[in-house]
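Fit chains B, C and D to the supplied structure of chain A, relying on the hints for placement.
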Amino acid sequence: MLMLPELIVIAAGFIILLLDLFLAEEKKNILGTLAFAGLLIALGRTLFSFGQQGELFGGRFVVDSVAIWFKIIFLLAGMTTVALSWDRLTGKTTDIASRMKHRGEFYTILLFSTAGMMYLISSRDLVTLYISLELSTIPLFVLVAWDRDNPLCGEAGLKYVILGALSSAVLLYGLGILYGLSGSTDLATISQKITHSPALWLSVAMITAGIGFKLTLVPFHMWAADVYQGAPTPVTAHLSVASKAAGMAFIFLLFYRVLGGAFQEWNILFAVLATITMTLGNLVAIIQQNIKRFMAFSAISQAGYLIMGFLGPFPEGLPSMLFYLYAYIFTNLVVFAVIIFYANETGRENIDDYRGLSRTNPIIAGAMMLGLFSLAGIPPLSGFVGKFFLFSVASKAGFHWLVGVAAINSTISLYYYLRIVRQMYIEPTMEDATTLQISPMLAGTIAITTLGAVFFGIIPFFYETINQTVAASDWWSVITATAR
Amino acid sequence: MGILSWIVYIPFITAVFVVFTPAPKWYLIRWISTVGTGIHLILTAVLTWKYWQVASPDFSSMKTATLTKLYLVERFPWFESWGIDYYLGVDGISVSMIILTSIVIFTGVMASWHVKNRTKEFYVLLLVLVTGVFGVFVSFDIFLFFVFYELAVLPMYLLIGIWGTGPKEYSAMKLTIMLMAGSALILIGFLALYNGAGGQTFDLLELSKVDYPKSFQIWVFPLIFVGFGILGALYPFHTWSPDGHASAPTAVSMLHAGVLMKLGGYGALRMGIYVLPEGAKYWALFFMALTTINIIYGAFGAVMQKDLKYFTAYSSVSHCGFVLFGLVTLNLIGMKGAVIQMFSHGIMTALFFSLIGMVYGRTHTRIIDDMGGLAKIMPWFTTCFYVGGLASLGLPGLSGFVAESHVFLAGFFGNPWHDLGIMRFLTILATMSIVVTAVYVLRGLAKVFQGPIKNPEFAKLTDADITERISTGVLVFTMAAVGMLPWYLIDLIESSLMPFVNRLH
Amino acid sequence: MVELLSNNPPGIWHWLILSTILFSIGLYGVLIRKSAVGVLMSAELMLNAAVLNFVVFNHFVKPFTIDGELMGIFIIAVAAAEAVVAMAIFVAIFKHKKSIDITHIETMKG
Amino acid sequence: MNEGFILSNAWLIPAIPLISFFLVGMFIRPASKQAAGLVATSAVFLSAACAYMLAWEYYQAFAPEYQSIVPWSIEWLRYQEFLSVSVGVLVDPTSILLMVVVTTVSSLVHLYSIGYMHGEEGYGRYFTYLNLFTFSMLGLVVAPNIMQMFVCWELVGASSFLLIGYYYDKPSAVSASKKAFIVTRFADLGFLLGILILGYFGYHVYGVLSDSSTSVLAEMNQYSSTAIQPFDFKFLNHPAVIAQFADQGSLLGGISMLTLAMVLIFAGAAGKSAMFPLHIWLPDAMEGPTPVSALIHAATMVVAGVYLVARLFPVYAASGSALLIVAYIGAFTCLFAAVIGCTQDDIKRVLAFSTLSQLGYMMLSLGVATMAHPLGYTASLFHLFTHAFFKALLFLGAGSVIHAVHSNEIWDMGGLKRKMPVTHITFLIATIAIAGIPPFAGFFSKDEILAAALGNHHQIIFGIGLLVAGLTPFYMFRIYFVTFWGPHRTEGAEHAHESPPVMLLPLAILAVLAVIAGFVPMASFVHIGEPLGHHGINWAIAIPAILVALTGIGVAWFLYAGNQDRVSKLVQNLGVVYRVIKDKFYIDEVYLFITHNFIFKYISRPIAWFDRNVVDGSMNLTGWATRMSGWILSHMQTGQVQTYAAWYALSTIVVFGLLAVTLQ
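So the protein sequences, as listed, match chains A, B, C and D.
The C-terminal position of the first sequence is numbered 567 in the working numbering, with every residue numbered one higher than the one before it.
The C-terminal position of the second sequence is numbered 510 in the working numbering, with every residue numbered one higher than the one before it.
The C-terminal position of the third sequence is numbered 159 in the working numbering, with every residue numbered one higher than the one before it.
The C-terminal position of the fourth sequence is numbered 712 in the working numbering, with every residue numbered one higher than the one before it.
Think of the hints as simulated: they come from the structure by calculation, not from any bench.
In silico EDC-like links for lysine to aspartate or glutamate, alpha-carbon gap of 16 Å or less:
1. LYS144/C - ASP232/A
2. LYS146/C - ASP232/A
3. LYS381/B - ASP217/D
4. LYS381/B - GLU169/D
Among the chain A residues that face chain B by a calculated CB cut under 10 Å, a handful are:
5. MET452
6. PHE456
7. VAL468
8. ALA480
9. VAL486
10. THR494
11. TYR498
12. LEU501
13. ARG502
14. GLU547
Just so you know, these numbers come straight off a predicted model, no measurement behind them.
Quick reminder that beta carbons are idealized off the backbone N, C-alpha and C, glycines included.
So here's chain A without its partners, still in its complex pose:
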């Protein structure tokens, strides 16, 4: 039963929705557990179905190794988000302002969004593609604007929803043209029908815009900073990993499956996008004060590195990108977990507020430092390994200048990541500094994600598995088929 994971997630969502109506407030902790359990089971099922390939609904829903890898990401992201939002939803945070209400709806919506993402990577048809995309996006609008009493939240939601609508309109227009050119909504068919023509370029441009929105590629990134800053931090974390991964899935489908053949010589587009994305992200991140906004720009620059994998002979970069996606997600979640922990306890969100954290909570500070270094691409952490592979792909494609830009950029990024490290380690502690209590949930999250961030890169098993399974999947055949 290939669709089981998705169904489990959706079912869990509905169950929570219903229970939420009947349960008394003090009993509602069960909901979080349920959500977590649902995702966990789905994850188990997904892992279990490794190696299976297959399709449903006349090939409109396909499961293969790449899809499975993505689903694992989405499920992990969902679980982490549940874990991260736990204290806020159960009102265990020291800082009152950062508590969140309506956990039932929260979990439901989160699960639906996750399900949408899982469908997204499995879809092989414009219709399903679009539907699942919206299914994954619209709940996020809601989540971003979750805290009704917080004007920033509302502002973030507004910006997100308006720009989201705009981008989906543009995307749809592009898809429409694609449909017009090929007369089919089946991706494989489209990829065989299309030929170079200004209309195709226009549609590609529009699709790129749509994808750029989700993937926060400069110059389609503008919503990111404000939304990340305004949204409740767990949601920000979710956006920064899940939504980006969804964007990745989307771009995989469209550029690998549809435009792959025609796409070989379009490297330059990605080179340019990658360059401006990472550069602008890094430069603007330097001067940020609010750490969430800071992480937004850091995430933008990471997207820049990520799409370097598209350069060069086509499927080459695929495993590297998947690998880096994982590395990035682990690492990013470490940082966000610490941010959430700190905000929960103190309600502080500025970089300067992290002064002397290494004195009060050395272990957490250490985890944060590892996370930041991994983001900056410092060996032997996973962030470095991932980057190294991506750079190598670009270099292999002959884009040495791009490698240079990327390498210099990671130096710049090191500069601003070190700003935080400096606050934590070098600056004197705050006057009112005391050792902060950390909830088991967050502690566990931080521990696991940190281990991930460290060992994912050192132990070759992960990359090699990704590499083999992806090679076994039908993505390569598709590419070679359309490469004509």
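Just chains B, C and D, lined up with the frame of chain A:
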């Protein structure tokens, strides 16, 4: 796990032990680190002996070899699909560098005996850093090399930032960023090497077998050389070094000037000249000019310095200039001189910085003019300082002379590919530095130690205690040993250098 | 008149131009309307342009399939959902600011 | 070659002081001062004994034609194949001569110091340094190759630096030691470059020879325990090699490579031997303890330069112009120093200047020699030999006086004749010896020098030599009269008393040597080319020389033996000339100006500034620019959702354009 892995990981294991020691027990931490590094020192001796056993039979056959021969190799596949291996091995150069590092870290731990503030983190970072250094010296897979390389560079930020003095954040940040920019260049170069060879393997020796097209070598070599050169304080990228060394705590300056700056020379030799001989030939003269500037400029810069650490830092710039200068002469004598200079300067500058740290710990000033007449109060320190100073101005019988005479001779002998006239001219310029060095060393030392006691406060200061005597004594002894019996070191490295030279022809 | 129209049914180009015009109007609205609701409506207009595209292409390129119409219907549905969410958010904002003039919603910048 | 024990183990001679240096320095000194002194001294006496043994065995084994042999040597520094430096012992008459001189004087000075330095703090340190010096000097003397000579050359420089700065809390001493080291260092730069040139061409010639005529190399390898190397003197001095050198053509600016190399090397020699204009360090070096001045700055180290030139004499001879430079610089220094010597009041400084002028003699006599008429060579080394004894004696005598009077100023002394008879007699002997009155030592050597100068038709140099032969007795007797005759001028002089026997013994021994040293048939031992045979005194030159000397003494007696107003009147009349001479022609001031006002002000400080502000500044600028651009870019983020939308639409079009362009 073979001996090389032990060599690399003993510091790390020590660090782990330290991590699990409760922070208030700083004396315990101190002892653990001392014992760990002590064990490492012994192990290094064993390694040297083993290396001698296995390698000495080949010394004669290496004369014509064009490919480095590795010993005590440990190799496991790591990322197979990328051709990345966990690949350790040594040749004479690595061994000499390991000896250097092992001595310096041992003395460094001893010299930072009095670090009471956050001792735990201090030793952990120190040991992690030195793990990276050892890793660099033994890894022959350029991915692994790079991993260790950055591992060695980064802890510096915290070490300087937390335990430093003066404008420490600024210096630490500048140092880290500049060095990381350097490693960015190196990364481009490495990836180019990898993909230029068809993207099959990161094995250095395999890559060195590939003969890259000249045009390729011409643009890759400067990336790698400058990338490493930044760490080797290549002019004009040396400016991190004075501030960094001035702000860093004792042991860190020792390690950084003593060992880390050698990574630059080592990398430039191993990754640059060895893999890209054509590029080296193309650029040698240019870099020779730069390094000449290094030598002269550093020396003259040192004359005017007021702060003992800046003083030493500038002299390091000058002396590291000799390393790179020797490398780009592209002949056996020069490269040998470069490696010996790495060793000699490592010991020498470690001695200087440890002494400065110890004296500073007593006088609480590093300003040369504020001191004076310390010789009466601290005879031990004075003696060590003078031995170091004489070594740095190349007095025969101490290690400095062995290296510098090599380098000068090499510059004068020149090589078949470059205009002898220019090379000699540059060499003559470089030789000028021995006078300038004499000037600043003697002025500085005289101001600090000789003459009447400037500050009555100093009269009640004490001379070196036992740990300080051990650490400085070891360094002085090494320096004199190399200076008087240079042939051991020379035999160690010469045969391993032959391939580098033969490849060029 | 009727004959004229019935004899010269509009071809694909007319429809495409129409959809393009719609799209452009929508974009224009998104860019210059002050009221959030207006902006949202313009966005919907753009979506409709896309819908029109699908339907038209379906009719002219693949007359005997329904993929395009299907897509169109879905889009309309989704657009509705999107509108609902957007409206909810607007309401929430209106509670605080007593206005939904989006040019004044600029707390977060830089 | 089966010869005596010492000859086969000649390394003992330098090794013994070295060992004792380490022993004393590390272990004995901390334990007991007295022991340190005794051990150090006895060690040097031992090596002196070895030196005599060696001389004896050598002259037994290798008469009559005294080959230079290398009984012991090991490879020390291997630059590359066929280019390595060995540490060894070269034994030939010249080196033996020097060994004897060095060990003798050194041991006597050690002995003397036991008394002189008694009660000084750092007594042990003193003897440690002294041992170090003796070792390095012997190493220099026995060097079989130019590299070893350079090594020991530096070491003697260092130990002299340490000894001059012995009173390290006395600023004048400190600056003097710095000055000495830096000036000689500057000279050594020339030496080093010379070595580089010689090494380079030597290496090539070596290659040529080993290809073409291996017989030559084989011949060189005779009598030496390791294979010949390009740095070896034996190699460099070999006619075949020199012939090759000669046609190596010119190096920089048309100067022949040989001349250039030799001039550079002479620069080094001039630095050590304090030839004009590098002489400035020697007078200041008198800040060191007096025995040190006696040993290092009179008898041994300063003659190293002469020795170096002598060692490379064939090569110098091959490039005539270099040798000419040697001659004239020597001659000039000889006169220049003597003139200054006439005006100084510090007894040690006078001696220092006399040392300069005597060194000038040695240099000039080397300069006037040729391979055809090598008399000058012998004369120079002969003078070196005799001078070592009487000059050491003078210094030790002066030391004994200073010890008694606690002042260096001759005008603080006076009338010590009766107070310190032994010192007085010995000092007088030395004075006469240096004045060149027969039958004392100085007479013979000086006579030979003058003969050599005239013999090779260097009239000017001969004239200078003769003139200085007059000046020398004048200034020497000046200080003699002022110090020992006349009334006691100060308290110190009042209460002066004779020094302890341990100091007087060396004086006595040296006095004997100063008398008899002249009778050594030097010419039959030390010579270059074929033996000259012992030619007698050339009275045609001797008589005028003696007369000139006697006039000098007479003038000195007239001016200084009686009342002082004659002097003051004379000084009045000379006026500015006197001032200029007394201030040593302001050479030091010139140097000071160049170093401080030029090098420091116009090179070092600008460089330091440039580094901080330009180089470092540019780095900081980069960082600043990065942050700045970030700040500017951040203004794209206006917070206006419609701006974002506009960007969005615009960039979609741009992407389309990009695609359209790239895909055309």
